[in-house]
Each structure stands twice: as C-alpha cells, then as structure tokens.
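Visitor: Protein chains in written order, with numbering that gives the first Met the number 0: chain A, 0 to 290; chain B, 0 to 290; chain C, 0 to 290; chain D, 0 to 290.
Take the hints with a grain of salt, since some may be wrong.
Pairs involving identical chains hold if they fit within one copy or between any two copies, as the list cannot separate such chains.
Simulated crosslink set (SDA-like; lysine to any residue; CA at most 25 Å straight-line) [what the hints assert, rightly or not]:
{"no.": "1", "residue 1": "K172", "residue 2": "A214"}
{"no.": "2", "residue 1": "K172", "residue 2": "A218"}
{"no.": "3", "residue 1": "K172", "residue 2": "D219"}
Calculated directly from the structure, the hints in this document are not laboratory data.
Protein chains: 4
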Amino acid sequence: MPVALDALNNLAPDAFAAALGDIFEHAPWVAGRAYAHRPFATVTALHAAMLAELGAAPPEAVTGFLNNHPDLAGPAARAPDLTAASRQEQATAGLDVLTPEEAERLARWNARYRERFGFPFIVCVRRHTHGSIFAEFARRLDADPDVERQAALAEIARITALRLVDRVDGPGKPEVHGVLSTHLLDTARGAPAAGVTVRLFVLAGDGAARLVAEAVTNADGRTPQPLIAARPIPIGSYELRFAIGDYLGQRGDGPRFLDIVPIRFGVAGPEAHYHIPLLFTPWSYSTYRGS
Amino acid sequence: MPVALDALNNLAPDAFAAALGDIFEHAPWVAGRAYAHRPFATVTALHAAMLAELGAAPPEAVTGFLNNHPDLAGPAARAPDLTAASRQEQATAGLDVLTPEEAERLARWNARYRERFGFPFIVCVRRHTHGSIFAEFARRLDADPDVERQAALAEIARITALRLVDRVDGPGKPEVHGVLSTHLLDTARGAPAAGVTVRLFVLAGDGAARLVAEAVTNADGRTPQPLIAARPIPIGSYELRFAIGDYLGQRGDGPRFLDIVPIRFGVAGPEAHYHIPLLFTPWSYSTYRGS
Amino acid sequence: MPVALDALNNLAPDAFAAALGDIFEHAPWVAGRAYAHRPFATVTALHAAMLAELGAAPPEAVTGFLNNHPDLAGPAARAPDLTAASRQEQATAGLDVLTPEEAERLARWNARYRERFGFPFIVCVRRHTHGSIFAEFARRLDADPDVERQAALAEIARITALRLVDRVDGPGKPEVHGVLSTHLLDTARGAPAAGVTVRLFVLAGDGAARLVAEAVTNADGRTPQPLIAARPIPIGSYELRFAIGDYLGQRGDGPRFLDIVPIRFGVAGPEAHYHIPLLFTPWSYSTYRGS
Amino acid sequence: MPVALDALNNLAPDAFAAALGDIFEHAPWVAGRAYAHRPFATVTALHAAMLAELGAAPPEAVTGFLNNHPDLAGPAARAPDLTAASRQEQATAGLDVLTPEEAERLARWNARYRERFGFPFIVCVRRHTHGSIFAEFARRLDADPDVERQAALAEIARITALRLVDRVDGPGKPEVHGVLSTHLLDTARGAPAAGVTVRLFVLAGDGAARLVAEAVTNADGRTPQPLIAARPIPIGSYELRFAIGDYLGQRGDGPRFLDIVPIRFGVAGPEAHYHIPLLFTPWSYSTYRGS
C-alpha cells in the first residue's frame with residue numbers, strides 16, 4: 000500500500016522515518032535527515048533530498064553505507080540478514096537460477112571487487128537480466144576506484160528511486176519505469192489485426208527463451224496492457240513472437256509462408272518506451288522502433 | 000558424370016538400358032521400352048516417354064513395380080537390398096536421425112499402409128523434411144485407394160524426374176529444382192549491405208534448428224550463390240538469420256536494438272523460387288517474398 | 000454557441016423550437032413534435048426522435064419538406080431565400096468555383112432530377128468535394144424512384160446530424176466527423192521526426208491541388224492537431240506532402256534522392272479515421288493506412 | 000552506325016581522322032595526334048589517349064579549343080555554325096523551350112562568364128535537365144579561374160566520352176550511361192504485379208511534369224526495358240507514377256485508398272543505377288533505392 004506524498008509531508012518525525020527508513024538499505028538516518036526539508040512538492044524532490052543527505056555525509060559514513068549492501072549471490076550463498084527488498088530484487092534478475100560455474104564466478108568476482116574497491120558490487124538488479132548483470136560486473140571490475148565509487152552511488156540512486164516510486168504516491172515521480180508495447184496491422188486489409196497471440200521472451204546467452212508476457216490483440220490491434228509497464232525493462236535481448244498464422248487461417252496444403260513471426264531486439268534503456276509494431280500481409284512484414 | 004541427351008539418342012539398346020535402367024527402381028524394362036521412342040528432343044520428352052511406358056504396363060506389373068520400392072525407415076530398419084539412390088534420398092530427409100518412438104511409428108504406419116493399399120508408402124523424400132514426411136504420411140494413410148495409387152505414381156514421377164535431371168544433360172529439363180535466395184539492403188545508406196553473415200536453418204517440430212547453409216553477402220548485398228539451388232527446397236519451416244549487428248558495428252553500451260535478425264518462413268513449393276530480401280536500418284527492417 | 004443537451008431537456012416548447020427549429024430545413028414542426036419525447040439521454044436519441052417524427056409525417060408532407068430544399072448551384076444561380084446553413088454548406092464543397100460548363104451541367108441535371116423524382120437533388124455537401132458531388136449526382140440521376148427517395152432521406156439524416164452536432168453539446172453524439180492524422184518516423188535514427196512541414200492538398204479532377212491544411216511535426220513526430228478533425232473528411236482524392244529534404248539537411252551537390260515525399264490517397268468514408276504515417280530514411284520510405 | 004574499335008586500329012591516318020575528327024569540337028588535330036598511340040585495347044584507352052593529346056597541347060591552344068565551343072542558348076540565339084552534335088545535345092536538356100526571361104538570363108550569364116574566364120561556359124548538357132543547367136551555371140559563374148578551367152576540361156571529357164561511346168563499338172567503354180529501373184511487387188499476394196502502367200516524369204522547377212517514359216509491367220513485375228538506359232540520367236527531379244488502382248480493380252463506391260502512387264525522387268548521379276521498386280498492397284506501400 001503506497002502512502003500519499005501529502006500524508007508524508009504532514010507526518011511526525013518518527014512516523015516519517017518509519018515510512019521511509021528502509022528506502023536506503025540499513026540507513027534510516029537518510030530519511031531522518033531528509034525530514035527537515037519537508038514539504039516536498041514532488042516525489043522527485045523527496046528523492047533528491049534523501050540523495051543530498053547521503054551525499055552530505057562524511058566519506059567514511061558513505062563507505063559504511065555501501066558496505067551494508069549484500070553481495071550479489073544465488074540463493075544458496077545469500078546472507079541470512081538480506082532485507083526483503085534486496086531479496087526480491089535479486090530474484091527478478093534471474094539470479095535464482097545460477098549454474099554452479101556462475102555461482103562460483105560470482106563469489107570470485109565479489110571477493111575481487113571488495114578487495115579492489117572496499118565495498119561490495121552494487122547494481123540496480125531490477126534494470127538487468129541474468130546476462131547483463133554479468134556483463135556489467137565484468138565491465139566495472141577493473142574500473143578506476145573514483146569512477147567506480149560514483150557508479151555505485153548512481154546505482155544506489157536507481158535502487159532507491161524505484162523503491163520510493165513503489166512506496167509513495169504523488170506528483171512528479173522519477174522516471175524509473177519503461178514501457179514495451181506493440182501494435183499489429185494487417186496491411187493487406189488496411190486494418191488492425193485482432194485476436195493475434197503475442198508472446199514476449201527474454202533470451203539467455205545460450206539461446207534459451209523464457210516467456211515474460213503473453214497477450215492477445217484487441218480490436219485496435221494492441222494488447223490490452225503494454226507487455227511491460229510499471230517497471231524497468233531489464234537490459235537484455237528479447238524476442239516477440241506473433242502468431243499470425245492462426246490469424247490468417249488455413250490455406251492449401253503445406254506450411255504457410257508466415258506463421259510465427261519472431262522479432263528479436265535488444266533493450267539498452269530500461270526506462271525508455273520500446274514500441275515495436277508489426278505491419279504484415281501473408282507474404283511480407285515490417286517492424287521498427289516506433290514512438 | 001551426367002551423360003548428354005544427344006549421346007543417349009545414339010546409343011545401342013544395351014548401352015541405353017545400362018545408362019538409364021536404374022532410373023525406375025528395379026525396373027530396367029521401363030528404359031528398355033522407352034528406347035523405341037528415340038530421338039528425344041528434350042529431357043522432359045525422355046521422362047514423359049518413360050512414364051508413358053510405365054502407364055501402359057498391365058496394372059499387376061505396375062503394382063509389382065510399386066512393391067519393389069523400399070519402406071521408409073531409419074537406418075536400423077532399412078532393407079539390405081536398398082538401391083544406392085534410395086539410400087541417399089532417404090538420408091536427405093533426415094530419416095537417419097529417428098527417435099525410437101518415430102522409428103516405431105514409421106514401422107506401424109508402413110504395415111498399416113501396405114495392408115490398406117497393397118504396396119509400400121512412396122514419397123519423393125528429396126522434397127521433404129523430417130517433419131513434412133510424417134505429415135504427408137499421416138495425410139495419405141487414410142486416402143481413398145484409387146486416389147492414393149495416383150498419388151504414389153505422382154511421387155514416382157517426381158523421384159524419377161529428379162534422378163533423370165541428375166543423370167542426363169540436355170535441353171528442356173523438367174523443373175524439379177527450387178531456389179532460395181536473399182538480398183540485403185541498408186536503407187539508411189541506400190546501398191547493398193556487404194559482408195553480412197547469413198545463416199539458413201531448418202526448424203524441427205520441437206523448435207530445434209539445424210544449419211543448412213551459411214554465406215557472407217558480397218558488394219551487391221547478395222550471397223555468392225543462392226542459399227539453396229540445384230535441388231528441391233524440402234517442404235518445411237526455415238529460419239534465416241542475418242547478423243546485421245556485426246555489420247552495423249558497435250555503438251554505446253548495452254545491447255543493440257537489432258543484432259541477429261531472424262526471418263522464419265515456411266516452404267510449401269519445393270520447385271519454386273523463394274527470394275527473401277531484408278531491407279534494414281539500425282532501427283527497422285522489412286522482408287517479403289520477392290521474385 | 001452550442002446549447003447543452005441538459006438545458007434543452009428543460010426548455011419550454013417555444014424555446015425548444017426556437018433552439019432547434021432550423022435543423023430540418025424550413026420545417027420547425029419536426030423539432031416541435033420531437034419535444035414530446037424529452038428528456039433525451041444522448042444527442043443521438045434527440046436526432047433519432049426528430050427523424051422518427053419526419054418519418055411519421057404523411058408522404059405528401061415529406062415530399063413538401065424535400066421540396067423546401069434548394070437546388071445545388073453555383074453562387075450566381077442560388078436562390079435568394081437560401082438558408083444560411085445551406086449557403087455555408089454549399090460553399091464548403093467548392094461549388095463557389097464552377098466553370099460555366101459545370102454551372103450549365105448542374106442546371107440541366109437539377110431540372111432532369113426534379114422532373115424524374117418530384118423533388119430537388121439533396122446531398123450532404125459537407126461530406127463531398129467538388130468532384131465527388133458530380134460523381135454522386137451522375138450516379139443517382141437514373142436511380143429507381145423508391146430507392147432514390149430513401150437516398151434523399153439518408154442525406155437528410157446526414158445533414159441534420161451534422162447541424163445537430165454543431166448546435167448541441169452533450170453525451171452520445173452521432174459519429175459524423177472523421178479524422179485525418181499522420182506520424183513521421185525517421186527509421187534511420189529510430190526516432191520521431193520533428194520539425195517536418197506537412198501539407199495536405201485536395202486534388203481536383205484536372206490534377207490541380209488546393210491546400211487544405213499545413214502543420215509542422217512536434218517532438219513526437221505528429222502534428223499538434225490532426226490535419227482534419229471535427230468535420231467529415233470530404234470524399235475525394237488527396238495528397239500529403241512531407242518536406243523531409245529540409246529535415247534531412249544538405250548533403251553534397253545535386254538534388255537529394257528524397258526531398259518532398261507525396262502520398263496520394265482517396266477518402267471514401269468521411270466519418271472514418273485515416274491515419275497515414277510516413278516511415279522514412281534518406282533512401283526509402285513506407286506508408287500505410289494505420290489505426 | 001558505330002565503327003568497331005578493331006577496325007579503327009587498322010585505319011590509315013586520313014581515315015582515322017575522318018572517323019573521329021569531330022569528337023573534339025572543331026579540333027580534328029586531337030584525333031590526328033592520338034593516331035600514333037594505336038592500337039587501343041579499349042574504348043577507354045582511346046579516349047584517354049585523345050584527352051592526353053589535348054592536355055599536352057600549349058595552354059593557348061587549349062584556350063582556343065575551349066573558345067571553339069558554342070554558347071549555351073535557346074534556338075533563336077544559337078550560332079549558325081553550331082555542329083550537329085552540339086545542336087542535338089543542347090536540345091536534350093530542354094533548352095529549346097526557354098522563356099524570354101531565361102533566354103535573356105542565359106545571354107547575360109554567357110557574357111559575364113566569357114568576360115571572367117576567357118572562354119564560353121561548357122557543360123555536358125546530356126547529363127542535365129533544364130533546371131540543373133541553370134543551377135550548374137549559377138554555381139560555376141563565380142568560381143576561381145583555375146578551378147573553373149579544370150571544371151571546363153572535365154566537362155569536355157564527359158562530352159567526348161559520350162560521343163565516343165556512341166561512335167565506337169568495342170570492349171572497355173567508359174561508364175557514361177545510367178539506368179533507371181523499377182519492380183512492382185504485390186505483397187498482399189506475394190507475387191510480382193503484372194500489367195501495371197508506369198510513367199516517368201521529369202519535374203520542372205514550377206512543378207510542371209513532362210512525360211519521359213511509359214511502360215507496362217510484365218509477368219515478373221518489371222518493365223520490358225529499363226525506363227532509362229543507354230544514356231546518362233539527367234540530373235534533376237523526377238516522379239514515377241504507378242497506376243495500381245487499375246491493377247487492383249474496382250471495389251465498392253468512392254475513391255480507392257490507393258490509385259496512382261507517385262514516387263518523387265532526385266537524381267544526382269547521371270551514370271548511376273537508380274532501381275526504385277514499389278512494394279504495395281491496397282492499403283500500404285514502400286519504396287527504396289535498391290540495387
């Protein structure tokens with residue numbers, strides 16, 4: 000149950016801290032100090048005030064805060080005191096299904112990272128897929144320490160913005176969610192294609208496809224809801240599959256020219272709108288990143 | 000080594016029969032009787048003469064001829080006296096990789112078919128994939144006996160036309176080969192896309208993809224040779240995969256919007272020309288069955 | 000100034016008739032009799048009640064009503080007692096610019112039509128262009144009298160629905176307006192094309208093009224308002240011209256490959272939504288009737 | 000009647016000069032001196048030898064040669080001693096239809112150009128349209144004299160290459176011709192569109208369209224011959240108009256959505272291949288510069 004920004008603006012200090020104390024991992028003092036800056040006109044202003052308090056803390060306090068974050072790990076290796084928020088976030092990135100080799104690699108990289116930078120590897124996992132987590136980790140492992148400390152704080156900003164948007168209702172929310180939508184047009188008939196099943200898969204590095212969303216187009220050729228909304232679109236590779244063969248119906252013996260149409264695409268911007276229409280006839284199709 | 004039609008037209012009866020006696024399975028008499036109709040102006044005329052001799056034979060002789068064909072089978076179950084031509088043809092349709100369940104089903108269907116029609120199931124396997132063989136068998140298993148006998152003879156015509164085209168060089172060959180070609184255009188630059196790797200896969204019913212052909216586009220955006228030519232395109236489902244990400248080159252972090260572009264399509268006409276171009280930009284593409 | 004449906008529902012008979020008496024040409028009795036059916040939940044219900052009163056009148060009264068409509072004519076030949084509504088409607092269809100030959104043809108057809116059917120040719124001119132008026136007139140001139148009387152009443156329904164929608168504000172308006180919209184996507188950049196000038200022309204039979212609307216695309220690649228909205232799209236031929244050359248900017252000497260892109264299309268359904276996007280690169284484009 | 004390169008290589012000096020003496024305007028000495036370099040393996044080698052002899056001449060001789068070229072002019076103002084080749088070339092660029100204002104402008108620019116550079120404005124008119132001639136003239140009128148002398152000699156090379164290609168048959172011709180071709184595909188049917196009338200217009204600056212070529216597509220969706228071939232494609236703006244409405248046939252009342260599809264494009268490279276296909280359905284189309 001989200002709390003209204005208006006209500007937050009009128010809470011006593013204790014209640015305010017109770018409402019927002021866990022937004023920054025194990026650091027209720029961030030919310031406590033932000034209290035002084037009430038009232039907040041927007042959720043973004045509230046978030047900015049919390050980030051400003053973190054930034055104003057002594058460097059050792061910030062390092063301590065960073066060190067309060069859990070290591071990235073598969074379920075077996077997770078710290079028993081992981082916060083509920085962290086536990087849920089790590090699951091979304093598919094870190095619940097690590098191979099032994101991956102678990103071992105993660106443990107090795109975690110150690111090497113801590114040794115080099117003095118705090119654990121922090122990443123906003125809700126913006127990532129299994130594959131992009133590893134790519135990101137590999138990329139940051141050898142960064143310059145000053146650059147990497149900024150990168151860790153930028154990830155903190157992303158993690159806490161997402162938590163805040165889930166927690167607080169009000170105007171001016173930070174733009175932390177993406178949208179993935181589609182639109183089917185039957186250009187042989189000059190009309191939207193209704194009743195077409197659309198499936199969205201995320202593709203793993205080994206080519207395996209995991210179903211993320213499934214929907215059937217309505218009279219306007221759109222899915223009733225976007226295929227992804229109200230959350231970041233995890234960075235990674237995807238495939239949309241449009242079952243236009245069923246829509247087009249049977250004709251003659253043998254396979255149709257077009258049956259399942261796959262559109263494979265990469266997402267690099269989790270907060271962006273990916274609108275990916277399919278314009279088709281029984282013998283042709285086109286797609287594009289639309290708006 | 001093909002023999003020239005001109006040369007064939009001038010052979011003595013024995014040499015003629017030696018050259019063409021195995022075109023019709025275990026039936027050198029077909030070539031023997033066609034000898035009288037020399038000279039043949041075209042390979043098609045030669046084939047027609049052979050088919051006419053088969054058609055003029057008494058029904059029991061034709062039934063006997065049909066019965067001289069092998070059962071469709073995986074390698075374990077193949078008759079030891081299978082002709083070389085039949086052995087090679089059965090391998091092309093992927094019948095060398097049957098699951099035990101499929102081998103058992105094939106045996107069961109072979110028995111049921113022989114029982115119903117009095118001769119073995121005959122199909123021009125070079126026109127088929129693993130999957131379409133089973134679909135074709137299932138479809139014909141319950142046919143009307145008169146209709147099915149015609150279907151078997153039509154398959155004989157296809158099998159022998161393909162063998163003849165391989166054996167005899169000359170004008171007027173029967174049209175028994177298909178072509179599968181592609182063309183890549185970079186419409187952001189208004190020019191053909193050179194150096195793009197194109198892979199063609201055949202798709203099994205279980206979604207597994209088997210590589211059939213691979214090529215790199217030349218300066219005109221075409222593969223040096225068609226991806227399939229000089230043979231029928233087996234009926235089935237295919238996927239072309241165009242590695243345009245490598246062509247487009249790196250840009251920024253994270254996955255590209257388009258990297259490997261898959262085009263999935265079905266082939267119902269093994270003797271047709273399937274020209275399947277890809278027009279693309281970094282953010283869009285279209286494809287169609289061209290000519 | 001439109002009047003609210005709620006207000007109409009509460010008017011005294013005189014005021015009601017004053018508000019709606021001119022919706023049906025020279026026939027205030029139609030509104031007068033519809034008064035009894037108040038209150039109207041929707042504008043469509045009000046219109047239906049008026050049409051029902053017209054339909055319930057004796058045939059001679061209906062004929063009289065039809066005869067109260069003006070002849071279609073150029074300005075020189077218009078009756079001095081033309082109602083303001085009719086005068087304005089006739090101008091929209093470009094009947095103010097008739098050639099002498101056309102004026103003469105119209106006079107001849109008006110006489111022939113009256114002679115055959117006993118009332119003047121009635122058409123909802125706001126749904127037509129200059130060219131389609133003549134095509135419609137020619138088509139109906141030789142119709143069966145019973146069919147044509149129904150056609151005339153169907154046009155009355157269209158004319159009065161449009162007048163009512165202009166006059167009355169309220170829920171459930173009859174769908175008498177069309178929409179013509181566009182969308183520009185630069186598929187080489189994968190983004191909307193902003194700042195592109197779009198011009199809409201109506202094409203006359205002789206190929207002359209008359210500017211109907213002009214707009215510049217915004218950051219989303221759309222015009223701030225649809226090119227046509229809040230009125231029927233007159234039946235006819237149109238050309239959209241997109242000045243993408245200015246957007247793409249200069250490159251080298253000589254003409255660009257694409258500069259002004261014309262899209263020529265016909266409108267047959269004045270009440271429909273014609274969404275006509277342009278997806279383009281410097282070297283390619285595509286368009287379609289979208290939704 | 001072209002002469003064979005082989006034959007030329009074996010002519011006596013007089014006959015050689017007679018055959019090629021008029022390739023360079025009023026300068027038979029160019030051919031005469033090139034004679035010494037026989038035999039020529041290719042037409043390009045012959046042309047290169049002639050250009051080399053021109054380049055080896057003393058500057059005053061070259062200036063004299065340039066001065067032997069006629070002014071660009073409308074028919075009224077043309078010098079009576081204009082060579083037949085020049086007369087024909089000037090007509091192709093539409094200089095036969097100058098407005099009085101244009102004729103006056105040309106006269107003024109001719110005088111100014113001669114005054115500045117000491118020789119007349121020379122341009123390979125077969126590579127130009129009416130409009131591009133004026134644009135080219137305006138661009139070169141204020142050039143640096145050294146640069147402009149090179150530009151004039153480059154135009155001489157183009158003019159003489161075209162004349163030589165018309166005169167001499169043989170291997171290795173200079174690439175002085177362009178090709179403009181099209182291809183129609185009905186993507187709703189997945190087949191070429193046969194029987195469609197295609198018209199090519201050149202567009203004047205005032206929007207007037209002059210028919211250049213007209214053809215009907217064959218069974219492969221192509222015109223029997225390219226719309227332009229065996230000559231340069233004059234620099235300018237063009238419009239292809241595809242009469243797909245007639246091909247699609249009648250449906251219902253009112254205008255079709257697509258009837259005449261215009262594709263407007265510019266040509267900047269007269270020697271290039273412009274392949275401009277149209278892929279269409281009744282409700283959509285796309286086009287691109289192909290190869």
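Visitor: Evaluate each hint against the coordinates.
Guide: Structure-based check of all given hints:
1. K172 / A214: The answer is neither: 28 Å in one copy and 33 Å across copies each exceed 25 Å.
2. K172 / A218: For K172 and A218, the Cα distance is within 25 Å only across copies (22 Å; inside one copy 32 Å).
3. K172 / D219: between (30 Å within a copy, 22 Å between copies)
Hint check: a violation occurs at hint 1 only; the rest are consistent with the structure.
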